[in-house]
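Protein chains: 2
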Amino acid sequence: MKASIIGGGSIGLLFAAYLLRSGMDVSLIVRRKEQKGAIQNDGLKLKSRNGQFTYKPDVHILSEVESIEADILIVAVKSYQVADIKSEILTKFEQTKSILFVQNGMHHIKFLPDLKNHSVYLGIVEHGSLKESDTCIRHTGVGQTKIAPYIDGHSGINWEQYSTDSFSFVHHHDWYEMLSKKLHINSVINPLTAILGVENGRLLDHPDWIDLMKKLSAESCRVLHINENDAWEDLLTVCKNTSLNKSSMLRDIESRRKTEIEAINGYLVELASQDQIELSNHEFVYKMIKGMEM
Amino acid sequence: MKASIIGGGSIGLLFAAYLLRSGMDVSLIVRRKEQKGAIQNDGLKLKSRNGQFTYKPDVHILSEVESIEADILIVAVKSYQVADIKSEILTKFEQTKSILFVQNGMHHIKFLPDLKNHSVYLGIVEHGSLKESDTCIRHTGVGQTKIAPYIDGHSGINWEQYSTDSFSFVHHHDWYEMLSKKLHINSVINPLTAILGVENGRLLDHPDWIDLMKKLSAESCRVLHINENDAWEDLLTVCKNTSLNKSSMLRDIESRRKTEIEAINGYLVELASQDQIELSNHEFVYKMIKGMEM
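Line order of the protein sequences matches chains B and E.
Every letter in the first sequence is one number past the one before it in full-length UniProt numbering, and letter 186, counting from 1, is 186.
Every letter in the second sequence is one number past the one before it in full-length UniProt numbering, and letter 93, counting from 1, is 93.
Same shape as in the complex, but just chain B (with noise of 0.2 Å):
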């Protein structure tokens, strides 16, 4: 089984060397040349709970690669760059059956009607990892991939077959159930965390700070139209359970790099506004982080 990952984040990283460590023959295809040349020299590092473990994947650049044989395809760049990239994949991925699209949010689901001659899959990555460097994945916190078809009755991929121990393959049935809850609990979670600068737990410690956070999650549920009480246990459960780690939106506000925001608040703003109603809260945190990314 061929597989191509598109991204050197700490998601496609992660996917390579655990696809690796499965036996598979990954192709990494990454924008920059010295990340290129850096894991060609030294190698794909994975740093678990089971150990460091070196794997050496084909890397390639997207821009410099005329067609790429594979039988699975995994998109794990920002959602911002999916419009970027989906012309190259159409033209370059043009005889790949099976495509998985790993972004947060649901900013990139308006780009995957294009996608007719694939089979679409949409994923939500539950890990928690850490890029350490261009070579090297820290796997954080093992969770699970969950995955479901974008597209009813096409050919299915049997995603569970490829589960390995510390990195499971979980079917979905309902990929907007699916994303939307995770959507959900990122819109409260991300911006929060980012604007006020600490780890998911604390925004339990205050109950100004929880205040927030339900009027979030009720514009959320509002909009993306599921059950307010479900969806706030569940974000309950996710900000205990990641208590001490920092959003992936913290991260980037701390590292002065773009942040998902629009994928994920502004994404529900603007679907919003399509039925006339206003997320005054959400978009307040959308625009103080806005300004915080320049």
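Hint data in this document are derived by calculation from the structure and do not stem from the laboratory.
Hints are not guaranteed to be accurate.
Put simply, identical chains are the same to the list, so a pair is met inside one copy or across any two.
To be verified - No more than 16 Å apart at the CA atoms, straight line, and that leaves these computed lysine to aspartate or glutamate pairs for EDC-like:
{"#": "1", "residue 1": "Lys-56", "residue 2": "Asp-134"}
{"#": "2", "residue 1": "Lys-33", "residue 2": "Asp-84"}
{"#": "3", "residue 1": "Lys-290", "residue 2": "Asp-205"}
{"#": "4", "residue 1": "Lys-215", "residue 2": "Glu-278"}
Using the hints provided, position chain E relative to the given structure of chain B.
Coordinates of chain E only, in the frame set by chain B:
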């Protein structure tokens, strides 16, 4: 002329120094024995654009004095401390005819009706000042102190006669207009700069942050019944004129002190709730700051 000043913070020390400079007999009343001792030993140092000056005020601890003779009392404690010292003011300054309150916000106003045997004035202090130590105050920006009578018709003090070149007093006829305009400005600049950790002028750097200012400003104007366009122009002017300054709320957060959020945004939220109006943006920043104070 004898003046008593309650409060050993930046405003209290600034008033003490300048009133001593203008030749008044000043007693300064502080809370901590360390500060009393330090000022008695070292004097009170004023650093201004005209040089450094050291003065020797009488210093007292409020709880240790039975009564103080003074023609004027200037209450320069934080807004949230006014309620705590109100009864001491009533007993210890029974003979003092005129009392000036110089707090931010309008939260302290509700304690004033009791003071019916005194001429009560409200002031807003537009100076920049930085307390460098218990005994040293730096006058960072020359502005003025605006003063309005709280109750019409009481025997007037001509405050302007105490003006000096760098420390002037200006009469204002309408305390509500004066305080509500200042409150409007504080209610926007203070929480945003404190949450975002930036100097006042940085709020104008990004269109999304200007939008946040507009949202807060509109809500403030609605509940304070002041003209939105005029208030917005005033806000921009203050933001530009104090662009390199840190707001008092940002300095309080940085120094892990309690902020004046209750007297500013908390007051507006409460005022609005009496009219069944929800100020969602003020409520949001209020709750953020409340949690940041812990």
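Problem - Non-conforming hints, listed in increasing numerical order - result: 2
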